[in-house]
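Residue numbers (my numbering), protein chains in the order written: chain A, 1 to 95; chain B, 96 to 190; chain C, 191 to 651; chain D, 652 to 1112; chain E, 1113 to 1486; chain F, 1487 to 1860.
Hint data in this document are derived by calculation from the structure and do not stem from the laboratory. Built from N, CA and C at the ideal position, the CB exists for glycine as well. Honestly, I wouldn't trust all of these hints.
[As the list claims (entries may be wrong)] Derived SDA-like pairs (lysine to any residue); straight-line CA-CA distance at most 25 Å:
| # | chain 1 | residue 1 | chain 2 | residue 2 |
| --- | --- | --- | --- | --- |
| 1 | C | Lys521 | D | Asp703 |
| 2 | C | Lys521 | C | Gln639 |
| 3 | C | Lys527 | D | Gln1100 |
| 4 | F | Lys1826 | F | Ser1595 |
| 5 | C | Lys602 | C | Ser612 |
| 6 | D | Lys1015 | F | Lys1687 |
| 7 | C | Lys478 | A | Thr33 |
| 8 | E | Lys1136 | E | Thr1153 |
| 9 | C | Lys649 | A | Thr33 |
[To be verified] Output of the computed footprint for chain D on chain E, the stretches with three or more beta carbons under 8 Å from beta carbons of chain D:
| # | region |
| --- | --- |
| 10 | 1222-1235 |
| 11 | 1288-1294 |
| 12 | 1448-1456 |
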Amino acid sequence: MSSEALIILIYILVLASFLGFELIAKVPPTLHTPLMSGSNAISGITIVGALLACNEMGYTTISKWLGMVALVLATINVVGGYTVTDRMLKMFKKK
Amino acid sequence: MSSEALIILIYILVLASFLGFELIAKVPPTLHTPLMSGSNAISGITIVGALLACNEMGYTTISKWLGMVALVLATINVVGGYTVTDRMLKMFKKK
Amino acid sequence: MSVAIELAYLIASILFVLGMKMMNKTKSARKGNRLSALGMFIAIVATLLQIDAISMVEILACIVVGSAIGLYYANKVEMTKMPEMVAIFNGFGGLASFSVALSDYFLRTEVNMESIELVTVISIIVSVFIGGLTFTGSLVAYLKLNGNISGSPITFKGQHPINLILFLGFLTAAFFTVLDQTDPMLIIILIVIALVLGILTVIPIGGADMPVVISLLNSYSGMAACATGFILNNNVLIVAGSLVGASGIILTQIMCKAMNRSLVNVLLGGFGQTVNEAQADGPSITVKEIGVEETAMLFDGVSSVIVVPGYGMAVAQAQHVIRELMEQCEKRKIDFKFAIHPVAGRMPGHMNVLLAEANISYDKLIEMESINDEFPNTDLVLIVGANDVVNPAARNNPQSPIYGMPILNADKARTVIVCKRSMGKGYAGVENELFGYPNCLMLFGDAKQTITKVVSEMKEM
Amino acid sequence: MSVAIELAYLIASILFVLGMKMMNKTKSARKGNRLSALGMFIAIVATLLQIDAISMVEILACIVVGSAIGLYYANKVEMTKMPEMVAIFNGFGGLASFSVALSDYFLRTEVNMESIELVTVISIIVSVFIGGLTFTGSLVAYLKLNGNISGSPITFKGQHPINLILFLGFLTAAFFTVLDQTDPMLIIILIVIALVLGILTVIPIGGADMPVVISLLNSYSGMAACATGFILNNNVLIVAGSLVGASGIILTQIMCKAMNRSLVNVLLGGFGQTVNEAQADGPSITVKEIGVEETAMLFDGVSSVIVVPGYGMAVAQAQHVIRELMEQCEKRKIDFKFAIHPVAGRMPGHMNVLLAEANISYDKLIEMESINDEFPNTDLVLIVGANDVVNPAARNNPQSPIYGMPILNADKARTVIVCKRSMGKGYAGVENELFGYPNCLMLFGDAKQTITKVVSEMKEM
Amino acid sequence: MKIGVLKETKTGEKRVALSPDVIKQLIKKEFSVAVEQGAGTGSNFSDEDYKEAGAVVGSIQDVFASDVLLKVNLFSKEEVAQMQNGSACMSIMYAYNYPEILDEMNKKSIMSFSMDAVPRISRAQKMDCLSSQANLAGYKSVILGANYLEKIFPLMMTASGTITPAKVLIFGAGVAGLQAVATAKRLGAVVEVSDVRPETKEQVESLGGRFLTVEGADEVKVEGGYASEVSAEFLQKQKELIQSKIKDSDLVITTALVMGKKSPILVTEEMVKSMKKGAVIVDMAVESGGNCEISEKDQIVQKYGVTIIGESNLPSLLSTNASQLYATNISTLLLHLATKDGFNLDREEEITKGVLITYEGQVVHEFTNKILNK
Amino acid sequence: MKIGVLKETKTGEKRVALSPDVIKQLIKKEFSVAVEQGAGTGSNFSDEDYKEAGAVVGSIQDVFASDVLLKVNLFSKEEVAQMQNGSACMSIMYAYNYPEILDEMNKKSIMSFSMDAVPRISRAQKMDCLSSQANLAGYKSVILGANYLEKIFPLMMTASGTITPAKVLIFGAGVAGLQAVATAKRLGAVVEVSDVRPETKEQVESLGGRFLTVEGADEVKVEGGYASEVSAEFLQKQKELIQSKIKDSDLVITTALVMGKKSPILVTEEMVKSMKKGAVIVDMAVESGGNCEISEKDQIVQKYGVTIIGESNLPSLLSTNASQLYATNISTLLLHLATKDGFNLDREEEITKGVLITYEGQVVHEFTNKILNK
Ligand SMILES: NC(=O)c1ccc[n+]([C@@H]2O[C@H](COP(=O)([O-])OP(=O)(O)OC[C@H]3O[C@@H](n4cnc5c(N)ncnc54)[C@H](OP(=O)(O)O)[C@@H]3O)[C@@H](O)[C@H]2O)c1
Ligand SMILES: NC(=O)c1ccc[n+]([C@@H]2O[C@H](COP(=O)([O-])OP(=O)(O)OC[C@H]3O[C@@H](n4cnc5c(N)ncnc54)[C@H](OP(=O)(O)O)[C@@H]3O)[C@@H](O)[C@H]2O)c1
Ligand SMILES: NC(=O)c1ccc[n+]([C@@H]2O[C@H](COP(=O)([O-])OP(=O)(O)OC[C@H]3O[C@@H](n4cnc5c(N)ncnc54)[C@H](O)[C@@H]3O)[C@@H](O)[C@H]2O)c1
Ligand SMILES: NC(=O)c1ccc[n+]([C@@H]2O[C@H](COP(=O)([O-])OP(=O)(O)OC[C@H]3O[C@@H](n4cnc5c(N)ncnc54)[C@H](O)[C@@H]3O)[C@@H](O)[C@H]2O)c1
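Okay, chain A solo, but in the shape it has when bound (with noise of 0.2 Å):
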């Protein structure tokens, strides 16, 4: 990697930082279970780096199976993590 592209990350990766802390500045704390979960659940983002590594020729390699691991693991935490989400969230719908 480029030190110039490494730089060009780290800005995102700061801007995205800076995001993350006003958006979450004031948060009831009904929501506060909630958007754990929620949060939790865009954290398992990793599951594109989990399809990537998966995306291995040969069977062999403990590159792929680690890899396997990885995104069947990812996928409960995404999948389950929006559902639970949303669960917690339909219980907030005004009678």
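Let chain A serve as the given structure and place chains B, C, D, E and F with the ligands on it in line with the hints.
Quick look at chains B, C, D, E and F with the ligands alone, frame taken from chain A:
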């Protein structure tokens, strides 16, 4: 510019814009004018562009002249902007 | 990587940001979650488009298995078990990042036999460390919450020094890994230390602090994803990961504040002293606690409320904030009354004076005889600083000094919340068994302060 | 471009973000501004390091000239002329971006004779358009505020169609420029249209709306800088420019809301109708509105508050919620008092009865004579349903039926918020000019309801 | 300029025209003040207090030798006789009721100012003794009623049973009426109010009282803040409403005045009969004829099991406060009209025009003349 | 079982032992009730009201022919003389003060129950007439004081000046004292309280009053809710504190009782001299000797410019409510002791043991015996 490089610039644009939105979500009215003035000074960042534009060989090119005009203007904007903002904010000092 | 895919990632990133923003408000939270799910979907589909046909079968199989497990548990779990669920999902996320990092490491060192750039090595180490720690930490949190291991803090001497030594060991191993990227021994050391540290930092923490820990681990798993993004040079991982990492830290801080703990305390992993030991002597009663938010949610869901004020309301001067509570309830069309026990307080008419001061109209105040039959049909009774006047011992226990005194049948209501500072006794100095009843929840704290919080929670709903 | 310089830019960007964040709170605003100035300094120095020695002399000369002018005017200008100053500085910023873009254009086409990439061409056009428009627009705003041209809206028939035609003309010329980058005629057309549009969109707008316009133009100049960043492929320009662009839009929106105008209205440039005709008969007063959230924020930032209660507080029965407001303020260590006018309300001691009911201790209530000298040193006065008792006409206007009545000098405070339902008159039936004072903001609505909202906003902060 | 303060002579009057605090301020403005011995006793101001404040405490003769004489109540014939020719005097006069006193004053060319005639305009509020005294009277009416009532005001739920709150019915929501509402409400009573002026509804509610709306109420004319006489139809409807309410009332306070007229009868003998045993009526309009048919001035009547209090001088029962406020009122008016060098009248000015009754041997006050010449 | 209600004979007593409402409930339980003619007049209960409730209203002879006689105050020798041998009677007796009456009762073997001796335990609260009457007395003491005071209670900022709030100083935060705090506070006064029992601090503050803490207060012993005598040292310190506070007070209310003893002197003559002119003292302990040195029982004393009210029977001034509550108390006790078929005593039971004074010709009450045999 490669399209990948462009996309990365767009990432930065998007994230910074979001951040801009979030940062100013709630400002007390008394701070409206100082904030406007302060962010105006930041927009004087174009001074960097002006500096780069001035950095051309030879004297006669229109580019260079434009660059120098830009530099003077941008400097006024930056220096004047920050100074004026500071003066305004001095008034808010807690007694 | 084609521009189209990069654009898809950009859109996914934007959707994550918007989704997270909308999760901030009760009204839009659900839509926000769906938006972020949409972003995830787009990111996954875009990635799948890059996949070689050969790997596709296994990949889809993995996805199907993962989805099935995720869906099954997410739908099966009871509402009360949500925190456990979040913990374990989070652990899986951490483990996934960990695995991806290792996968990439082995791919480069073992398969391609190439040497790795510095940035990438560091990223891999970070990802392994944080991912592994997140995994075991979350697992411990899950087991604690689930009751598989004791919820109370498990502490031993030298905890902190051991953690420190392990961490320094990790740093050393990391340093050598950077120098010699191909030694699998070093990597195994790194892995083991990360996993052990996850266990060691969470095990000494008490059950009540678990939500904070989970939130922090959640932030960590975001950071792990971010590190993975650096390994793979992938923007969407960086954006999403750092969003979660940063927002998780803030959320943790907010939660700490709500629990009156400092973040430093949490970050050092040194917290875990138990919360409010009920200081009751004599035959102690096991009580269930309820928090301010849940109280507010309970109020939000009922259709009839009776408030039983007592001397504690007078001491706390909580009458004004109780009027606000009344206003909030009436806005929600909840039937709201006060049950006035004739000897509540310390002088005849004590409650009357205070409630009149708070401008509560006389027709809301119901005498004991008239209201006692209404309790069984009442959804929620809030007892504010009253004790003796709702003590069922007056009915049940001929030995009790208050036996024979008529009491308010608050215990007969569907749910009873008792707002008082502690397990302290009332004027008569006797234990109150009501507090241990199955339909009774204790809301500990000064009446004015806690109810103020309940009201502001309700206002936000 | 070396890594060090890129890192410097990164640091500058971070400082801009932090600075802007800190500008949000009265307490930290000044520090924030300095932080952002530091960022700018770092960016400039880093850039200078790239400069060839040959150009250095002229560059330094330009910087010295610019700094001297900027410093001179910034220090000379009176406080009341601040908005003009901001407008003209902003115009210069726009013109600078415009010039840089043109400079780059000519450099590539005339000097280097190379063909330009699509992205760059578009960026140049955008930069020229926005920069030019910002310049002339700001100039007009400056002249209007300075009184060089009439502050009242200058309108003529067909304004909107002409603007539209010009804009379409610009788009056409832009299209052809993209096709043929070397035709200077096209560039001149673009320049002229941009400059003319700037004038035309601002000239029809009235003086009272100028702050909104300036804020919008400020946002535009940020966008111009951002476009310039795309031309030069420079991250710090993009970050800083888009920060300013986005925050400027939001700020404009907030200001519109405070003035009760819609942003669409402003964005279309079709604004300029005077602000909410106060439904008063007789000489109408132009007032500035404030919302609940901003009120809460104002309270959050001050150190002394005086509340002036009047008959409206009694009608709304707002005394209890005002006590809550007091509690919130006292939590923030804000000095909080009540100024009791002897004839506030409709009977002697009316306010005393109500405030005593709300349990506000007597020592918070200050008589008119004692408190009147304190107003000039008070950050914020909240007038709750009072009208006649704070009407400066009693001091100033011998024709007024209340002339000669002693009043509370609430108008002397730094900021005054008036909470009442409408522009309705008080007991004496006279207009209150205070409401139109520059330091006065109207918080319309029933006193109890609005202050309840303010309090719950404050609780969330 | 020398100011004289006489001791009040009316029976039961405990107020005094100037308080030591106010005298201090006058002395600062270089007036001199003479106070009759013992003038302040009823208000708990001792002669020492006055001396400390800078006044001369002297015999009645000393006081009569002043440029302006101040009192609370109207000067008697004897007092006028002792005044110096061409001097001035100020008090609550209700001048139109006492033409004979005015004649005496005119004979001696005495300039008189009436405190009750201060116009009810914003800038004159500080001189308005009708408001200041009515305000105290409103408070006192409730205390007095509460003291005579054999029940307590607030709702009380006790081990020995629940005591229901007292019901207080108030007629007239003027200054006195509103203060009565506030005081009764504070003590925990349920308060209902009847008034002819519809705008008082909001005012009553702002104090937590319930307003009894009579239909046809919009026909009432209001002149300068005072209710003018109302239609017979209105009164009839009001009566019916009251009849239904008064039966349950524990305390009735009547404050309904119509300026310059006999006050309306609102509580008839019939109604009193229908009331609960032990109920109490405080008739604050008793001085001008009474709102209750069977109230008697300065008497406490027990009839049909009801106690009817006809105290005509309620402010005097709160003499300390009443004198403090009255002193502020009268001194503010005096300072408006005079400097240390003497009176300085602008006879076109609204307040001066409003309060000046006799001047250079003539009754110059419009309203007084209107009533007297009728 | 026949219950007889006698008319009270004590001067100034307007209460009555049973109210029509309570009689209705007794009749439902198949008791029969005879009420002496005119017994309820003072409390605004007419003979008709009693008849409607189901009582027989008859002559005094009819009433004496009952199984149990009820009164508020102790029976006189003459009344005991007219009672049937072996019948029963109940009233507030303060038996230890009247051995001669007890002798008379014992001679006729009359069973007597004293209302003031109800033990202060939770389940007896409904019979506790000391609380119910003290509560009313506390309210009344403030109303009475406010009525005698020549100032108003609340702070009032008016056009004619600001009236500062009245300062009320209350001694003793028992039932009466606390109700006085609440009432004075409601009316807008600034209230300060002194008590020997430290736990009353929190109670006073819960009503918005300020508690004056005397150092050494922890030494006070409390027996069954009553304050026992306190150390001389404490009293001295308390005195000093009071001396500094009482000078500024407008209204002083004293409620400090020590059971079975003369009440402590808290306000000395010296202190009264130091008070403001026009101040008022209400001495609620006057019956048992008074907390104020110069208060006189049932007199209103004016001394040193201070009004000292020594009304010994404040509840009687709120006769309607007082009778209602007393009737609940006495009927609850009666129902505890008897059924429609007569008394049914369990002499080991705490309440019965507490209230039974004479039984089968003997004084059987421990505390009474203790005092009498001293
Ligand atoms: N009404 C009368 O006339 C009278 C007179 C004398 C005695 N009594 C007796 O007083 C008792 C009255 O019963 P009650 O139920 O009203 O009171 P209680 O039984 O005395 O209980 C009051 C409770 O309030 C809680 N508390 C105190 N301060 C508080 C605060 N700031 N915030 C929240 N809670 C607070 C205390 O628990 P924590 O310490 O855990 O917070 C206490 O258990 C009866 O036993 C009655 O017989 C009544
Ligand atoms: N104190 C006395 O003894 C006495 C006696 C008689 C007359 N006065 C006269 O009364 C006046 C008192 O002055 P003031 O400033 O207290 O009152 P004011 O001048 O009468 O003004 C009251 C204001 O309250 C607003 N208001 C009414 N209801 C409201 C609600 N629910 N929420 C928010 N605002 C509400 C009204 O404006 P909107 O309609 O726009 O909401 C009105 O302008 C003086 O002129 C005085 O001379 C006094
Ligand atoms: N401008 C000022 O600053 C100022 C000063 C003082 C008073 N005022 C106003 O003047 C008004 C009158 O004050 P006041 O106390 O002297 O009034 P008042 O003593 O003349 O009358 C008392 C009240 O009785 C009412 N009333 C008359 N006839 C009635 C009837 N038949 N039934 C029921 N009620 C009846 C009147 O409407 C009035 O409210 C007040 O409301 C006050 O707002 C204004
Ligand atoms: N268990 C129950 O249900 C119940 C029922 C009624 C009363 N009580 C309690 O009994 C207590 C006593 O009630 P009471 O009103 O009959 O008391 P009381 O009339 O015997 O005494 C009045 C008060 O005077 C105080 N006092 C005595 N000496 C004093 C001194 N030198 N200076 C200042 N204060 C002095 C006492 O402490 C007491 O508070 C009450 O506080 C109440 O809580 C309990």
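Hints versus structure:
1. Restraint check for C/Lys521 and D/Asp703: not satisfied, since their Cα atoms lie roughly 71 Å apart, outside the 25 Å limit.
2. Distance restraint check for C/Lys521 and C/Gln639: the Cα-Cα separation of roughly 22 Å lies within the 25 Å cut-off, and the hinted pair is therefore satisfied.
3. For the proposed pair C/Lys527 and D/Gln1100, the alpha carbon gap of about 23 Å is at most 25 Å, so the pair holds.
4. Of the supplied pair hints, the one linking F/Lys1826 and F/Ser1595 holds, its CA atoms being roughly 21 Å apart against a limit of 25 Å.
5. For the hint pairing C/Lys602 with C/Ser612, the CA-to-CA distance comes to about 22 Å; that is within 25 Å, so the pair holds.
6. Of the supplied pair hints, the one linking D/Lys1015 and F/Lys1687 holds, its CA atoms being roughly 24 Å apart against a limit of 25 Å.
7. Distance restraint check for C/Lys478 and A/Thr33: the Cα-Cα separation of roughly 20 Å lies within the 25 Å cut-off, and the hinted pair is therefore satisfied.
8. Distance restraint check for E/Lys1136 and E/Thr1153: the Cα-Cα separation of roughly 18 Å lies within the 25 Å cut-off, and the hinted pair is therefore satisfied.
9. About 19 Å separates the Cα atoms of C/Lys649 and A/Thr33, which keeps this hinted pair within 25 Å; it holds.
10. Requiring three or more residues with a Cβ within less than 8 Å of a Cβ of chain D, the coverage given for the region 1222-1235 of chain E holds, as 3 such residues are present.
11. Coverage of a stretch by a chain is defined here by at least three residues with a beta carbon nearer than 8 Å to that chain's beta carbons; for the region 1288-1294 of chain E and chain D the count is 3, and the condition holds.
12. With 0 residues carrying a beta carbon less than 8 Å from a beta carbon of chain D, the region 1448-1456 of chain E misses the three-residue requirement, and the given coverage is violated.
Violated hints, in rising order: 1, 12; the structure is consistent with all others.
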